[in-house]
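Visitor: All chains should be modelled from the sequences, with the hints used to inform the complete structure.
In order, the protein sequences belong to chains S and F. When we follow the working numbering, the leftmost residue of the first sequence carries the number 26, and every step to the right adds one. When we follow the working numbering, the leftmost residue of the second sequence carries the number 19, and every step to the right adds one.
Hints are supplied without guarantee of correctness; some may be wrong.
[What the hints assert, rightly or not] BS3-like, lysine-lysine: derived pairs with alpha carbons at most 30 angstroms apart:
(1) F:K163 - F:K151
(2) F:K222 - S:K45
(3) S:K45 - F:K163
(4) F:K311 - F:K347
(5) F:K136 - F:K98
(6) F:K222 - S:K139
(7) S:K96 - S:K147
(8) F:K101 - F:K39
Keep in mind that the hints were calculated from the coordinates and are not lab data.
The lines below spell out each chain.
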Amino acid sequence: MPPRILIVDDEERFRLTLSKRLGERGLEVGATVGTGMEALREIREKAYDVVVLDVKMPGLDGIQTLEEIKKINPHIEVLLLTGHASVDAAVDGMRLGAYDYLMKPCEIEVLLDKINGAYEIKAGREERIRQAEMRGRADREPA
Amino acid sequence: MFLFNTLFENVPLPLLVTDEKGAIIFANRGVSRVSGYTLEDLSSLALSDLCAPYERGRFLFAHLSQIKETTEIDIDFQRKNGKFFMAHLSFSPFHYSGRSLLFLVLRDVTRRRVQEGKKREDEERYRKLLEEKNRLEEQLQRSRKLAALGELSAGVAHEINNPLAVITEEAGWLQDLLNRPEWKSLPALADFQDSLREILQQTKRCREITYNLLRLGRPLDMQVQEVNLRGLIEEVVEQKVRETQEQSIKIQAEIDPNLPAILSDAILLRQVFLNFLNNAVDALAEEGRITVKAGLSPAGRVEVAISDTGSGIAPENLPRIFDPFFTTKSPGKGTGLGLSLSHTILERLGGSVSVRSRLGQGATFTIQLPAGEKGAIADAPQNSDC
Ligand SMILES: Nc1ncnc2c1ncn2[C@@H]1O[C@H](COP(=O)(O)OP(=O)(O)OP(=O)(O)O)[C@@H](O)[C@H]1O
Ligand SMILES: [Mg+2]
Chain S
26 MPPRILIVDD
36 EERFRLTLSK
46 RLGERGLEVG
56 ATVGTGMEAL
66 REIREKAYDV
76 VVLDVKMPGL
86 DGIQTLEEIK
96 KINPHIEVLL
106 LTGHASVDAA
116 VDGMRLGAYD
126 YLMKPCEIEV
136 LLDKINGAYE
146 IKAGREERIR
156 QAEMRGRADR
166 EPA
Chain F
19 MFLFNTLFEN
29 VPLPLLVTDE
39 KGAIIFANRG
49 VSRVSGYTLE
59 DLSSLALSDL
69 CAPYERGRFL
79 FAHLSQIKET
89 TEIDIDFQRK
99 NGKFFMAHLS
109 FSPFHYSGRS
119 LLFLVLRDVT
129 RRRVQEGKKR
139 EDEERYRKLL
149 EEKNRLEEQL
159 QRSRKLAALG
169 ELSAGVAHEI
179 NNPLAVITEE
189 AGWLQDLLNR
199 PEWKSLPALA
209 DFQDSLREIL
219 QQTKRCREIT
229 YNLLRLGRPL
239 DMQVQEVNLR
249 GLIEEVVEQK
259 VRETQEQSIK
269 IQAEIDPNLP
279 AILSDAILLR
289 QVFLNFLNNA
299 VDALAEEGRI
309 TVKAGLSPAG
319 RVEVAISDTG
329 SGIAPENLPR
339 IFDPFFTTKS
349 PGKGTGLGLS
359 LSHTILERLG
369 GSVSVRSRLG
379 QGATFTIQLP
389 AGEKGAIADA
399 PQNSDC
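Guide: This is the structure we're talking about:
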């Protein structure tokens with residue numbers, strides 16, 4: 026199952042074209058939104074695996090959005106997209122639990138790799154949780 | 019007559035009367051006071067006896083009779099106790115009873131001279147301070163200008179970066195489409211692909227420019243650690259030597275063996291040295307010499323001077339070479355960001371740069387860096403926007 030992706034960037038053409046290009050490579054971009062607030066609404070309402078998140082946005086910026094996303098669902102992996110000067114911010118973002126960051130404009134193949142990497146981590150973690158839960162259930166069942 | 023005698027003897031000003039050979043005929047108490055000789059001593063002395071030994075051979079003493087009008091000189095006197103003092107002496111010739119005599123007024127000007135001397139020293143010191151101040155002022159001006167320009171260019175660069183990202187994605191999307199099987203038979207497919215590659219190539223170039231521009235105005239990521247400057251310089255020089263093998267360019271490093279390791283950012287410094295070396299190579303055209311000298315300045319700062327024997331810099335360009343985008347090179351050869359970026363980097367590293375050049379006679383860029391003290395490097399302000 027391909028990861029479900031949310032793209033958050035205030036530059037409309039950028040997020041739309043990026044989404045088409047990822048789609049061209051077999052990924053399922055669930056939605057693209059232009060603000061942090063919309064992103065949070067999407068995440069509350071639907072299931073996403075990976076969020077591609079622009080750091081510099083008007084209103085709620087990428088770092089704030091990241092913090093909120095992690096509060097709503099700590100398992101969602103976030104990839105930060107940054108301009109050059111926001112590398113510092115991106116590094117802060119890593120501390121707040123972002124999976125990785127990419128400089129904009131970025132190579133589509135690199136982005137693809139990172140999305141897949143983020144998804145594998147998330148899937149692996151969910152698998153471990155599921156197994157732990159199953160073990161827990163097995164433990165509770167009478168022998 | 020009695021009145022004048024009393025006056026002459028007691029007036030606080032040292033007064034003398036000599037004959038035309040300089041023998042003292044009268045001397046008052048004032049002379050006695052400043053010279054330390056008694057009035058009796060004085061009556062048997064000549065004027066030159068009161069002077070410092072090295073003054074006795076003065077032309078004037080041999081030609082006193084020829085003084086026709088009031089003459090003033092500065093001369094060193096020696097007291098009876100051997101101490102010297104500086105005197106201002108005025109000679110006025112007069113006639114009395116058929117004899118030619120000289121009336122002398124002596125003033126001790128030691129204190130004034132010392133003060134004047136001090137003033138000269140002060141002036142010299144002041145001049146030096148002023149020069150230093152001007153130099154600092156110039157650097158400050160340059161920094162301010164750069165800071166302002168840097169901020170502006172960083173803003174512009176950032177604004178351009180987003181459209182660049184869009185262009186990159188759009189061109190990438192077209193590439194994706196052209197890669198679909200149904201487009202394989204498109205006439206001039208290769209031309210389309212080539213054109214798209216070029217668009218992407220050029221956006222990459224823009225991106226490099228915006229990258230440098232952003233770094234001008236924004237804090238740099240600094241990794242301060244112990245840097246082996248000697249190794250760094252040698253490595254950069256070797257790299258340049260390799261790159262210029264085809265040309266008749268001689269590059270050599272002269273590094274003071276006592277050069278200490280410094281606390282700095284090796285990656286940034288490397289870029290700075292490369293910028294200066296690139297400029298030097300460009301200035302040489304095909305042949306010439308580049309020297310990189312590193313050592314300690316008298317003030318204990320680390321100093322690296324990069325000199326070339328190239329074209330030099332026109333005086334009217336000198337104040338502008340550190341401005342972003344100032345370049346005398348053709349498009350594609352230079353964007354004019356090397357020096358402004360280097361200046362900014364050096365400043366953040368607690369260093370400075372100055373330049374000396376004459377048109378046609380090469381240029382020397384001198385970099386100064388703090389030698390080791392940790393506090394010398396300014397903390398980069400935090401920023402969190404993109
Ligand atoms: N060693 C030098 N000798 C003569 N002129 C120099 C030297 N270094 C710099 N300059 C002059 O200063 C200008 C600005 O230099 P700077 O390094 O900032 O930009 P550039 O070399 O033109 O372009 P870039 O470094 O961005 O590729 C140069 O174009 C050149 O005219
Ligand atoms: Mg240059």
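Visitor: Flag every earlier hint the structure violates by its number, smallest first.
Guide: Going through the list in order, the structure violates hint 3 alone and respects the others.
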